[in-house]
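J.: The listed protein sequences correspond, in order, to chains A and B.
Heads up: the first sequence is residues 2 to 267, going by the working numbering.
Heads up: the second sequence is residues 1422 to 1582, going by the working numbering.
In case anyone wonders, no lab produced these hints; they're calculated from the structure.
Keep in mind that this is a model prediction, so the values were computed, not measured.
Please note that the accuracy of each hint is not assured.
To be verified - Per the computed footprint, the stretches of chain A lying under chain B, defined by three or more beta-carbons under 8 Å from a beta-carbon of chain B, are:
1) 11 to 17
2) 172 to 181
As the list claims (entries may be wrong) - Under 10 Å between C-beta atoms, here's a sample of chain B residues computed to sit facing chain A:
3) Ala1440
4) Leu1442
5) Gln1449
6) Ala1479
7) Leu1480
8) Gly1483
9) Gly1485
10) Leu1494
11) Val1515
12) Val1547
13) Ala1549
14) Ala1552
15) His1570
16) Leu1571
17) Arg1573
To be verified - Simulated restraints, written as ranges between beta carbons of each label pair:
18) Arg47(A) - Gln1522(B): 35 to 43 Å
19) Val1559(B) - Thr13(A): 27 to 35 Å
20) Tyr1429(B) - Val109(A): 40 to 48 Å
21) Glu64(A) - Tyr1429(B): 36 to 44 Å
22) Arg1516(B) - Arg47(A): 38 to 46 Å
23) Phe1438(B) - Arg47(A): 17 to 25 Å
Even glycine gets a Cβ: it sits at the ideal position worked out from N, Cα and C.
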Amino acid sequence: MRVLLAAAVVVTLITADLHFNKLSTARSLLDAAATPLYWLADLPARLGDWSEAQVQTRASLLEENERLHRESLVLQGRSLQMASLQAENVRLRALLNSSALVRDDVLVAELVGVSPDPARHQLLLNKGASDEVFVGQPLIDADGLLGQVVQVSASTSRALLITDATHSVPVQVNRNGVRAIAEGTGALGTLEIHHVAATTDIAVGDLLVTSGLGGRFPVGYPVAVVSEVERDPGQPFARIAARPSAALDRSRHVLLVFIADAQPKE
Amino acid sequence: MDDSGYGYPVVLLTFLFAAVLAILPLPQWLMWGRPEWVALVLIYWVIALPQRVGIATALLLGIGLDVLEGAVLGQNAFSLTVVALLALVLYQRVRVYGLAQQAAIVFVLVGINQLICQWVQNLQGVGARSALFLLPAVSSALLWPVVLHLLRGLRRYYQVS
C-alpha cells in the first residue's frame, strides 16, 4: 500500500517536472531552504581561502600589489583609445543605419556551490530575485561566456554551464562571421559544433563569439576556441570541437550580465 | 519494548550530515567516485530500525536530495525508495551477514540506485557517456565498514531505537 503510494508520488513528480515544468515555484522555494546546506558544504573551502589570505607574508602581498598595479596600468593604457573607438563605432553604425551597441551592466556574484553530479553542469550563485536576477540571464567570467541562469530563488540562483549536455549557444566565428550553434557535451572542456557544412571556412584556432541570435545572449562575448576540425568526405557535416574560453571549473566570482534593453523574461 | 521512538533527532542529524557530504565540492577527478552518502546512511538505518525508517523516509529524503542536486524532482526519491524497499526485504538476512557480505549487498543496492538515477537522467537527456556512473557503488561498498561502525557507535551511544 505504502509502496504504491510512493510509486504514485514519484511518477507524478517526475512527469510534472520533466514534461510540464510545473514545479518551478516549488523548486525555488525548496532551493531557498537548501541554501544553508550549501553554505555548510562550502565552509571548508571558504575557511581554507580565509586562512590562506591571513597567513600571507607582507612580502608576497607587496609583490602582488605591485603586479596588480602594473596590470592595471597596462589595461588603462589599452582602454585609452576605447572612448574614441567607441564613438567612431557609433558613427559608423549610424552610417550603416544599424542600432548602436550599448554596453551591458554586470553584477558580481559568488559561487555558493557546484552540482555534485558530474554529468550535470550547474552552479549555485549567491544572487537571486532580490538582486533582480532573472531566468535566462547570461553569465560570464573574465575570459568568456559561462552559461545562463535557469532558476531563481529569493537570494540564490542556479545557472547552467555552456558545457552541460542540455545547453546550446548560438555563436559566430570572430574571423569571418560564419554562424553556428555550439552545444555542450557533458564533458567539462569540450563544446561541439554540429551541422556545419564540410566546406565551411572554419579552422583550428578560430575564436567563437556569441552571435546574439536568439536574443538570449548579447553579441560578442568569447565562447570557445576551435580545437579540432575533422572533415570526412563521406559525411555531410564537419565534426568540430571547441574548448571553452571561460574558466568553467575555476572561477569563484562570476559576472551576471544585464542586457541593456532586454526585459526580464517571465 | 515501548513503541515510542527514541533518539530520532540523531537519525535526522546523520541524514543532514550525509546530505552535506553529498554536495561537498570535490576536485574534478574525484567527482565520479563520490560515494552515495545518503543512500549509505539510509541503508544503515533501514537495516537497524526497519520499523522506524522506511519508504516514507526514503521518499522525503530523495526529494530533498533532488532539490540539493538540482536533479529532476523525483529522481533520487525514486531510487532511494527502491533502495529502502529492498533493504526492508533484506534486513533480517543482512543483519547476520559478515562485513564482506554486507559490503557486497551495499554494492548491489547502491548500484541499483545509480542505475535508476541514470535512467531518469537519460529521460532528461543528461546521462553519463560511460559506465563511470557505477563507480559510486564501488566506493560506497568500500566505505560501508566505516559507515557501519560510526553509525552503530552513534546508535548505541544515544540508544536510538
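J.: Each hint should be assessed against the structure and marked as holding or not.
T.: Each hint tested on the structure:
no.: 1; hint: 11 to 17; in the structure: holds (count 6)
no.: 2; hint: 172 to 181; in the structure: violated (count 0)
no.: 3; hint: Ala1440; in the structure: holds, 6 Å
no.: 4; hint: Leu1442; in the structure: holds, 8 Å
no.: 5; hint: Gln1449; in the structure: holds, 6 Å
no.: 6; hint: Ala1479; in the structure: holds, 8 Å
no.: 7; hint: Leu1480; in the structure: holds, 5 Å
no.: 8; hint: Gly1483; in the structure: holds, 8 Å
no.: 9; hint: Gly1485; in the structure: holds, 8 Å
no.: 10; hint: Leu1494; in the structure: holds, 4 Å
no.: 11; hint: Val1515; in the structure: violated, 19 Å
no.: 12; hint: Val1547; in the structure: holds, 5 Å
no.: 13; hint: Ala1549; in the structure: holds, 5 Å
no.: 14; hint: Ala1552; in the structure: violated, 12 Å
no.: 15; hint: His1570; in the structure: violated, 23 Å
no.: 16; hint: Leu1571; in the structure: violated, 19 Å
no.: 17; hint: Arg1573; in the structure: violated, 25 Å
no.: 18; hint: Arg47(A) - Gln1522(B): 35 to 43 Å; in the structure: holds, 41 Å
no.: 19; hint: Val1559(B) - Thr13(A): 27 to 35 Å; in the structure: holds, 33 Å
no.: 20; hint: Tyr1429(B) - Val109(A): 40 to 48 Å; in the structure: holds, 43 Å
no.: 21; hint: Glu64(A) - Tyr1429(B): 36 to 44 Å; in the structure: violated, 55 Å
no.: 22; hint: Arg1516(B) - Arg47(A): 38 to 46 Å; in the structure: holds, 41 Å
no.: 23; hint: Phe1438(B) - Arg47(A): 17 to 25 Å; in the structure: holds, 18 Å
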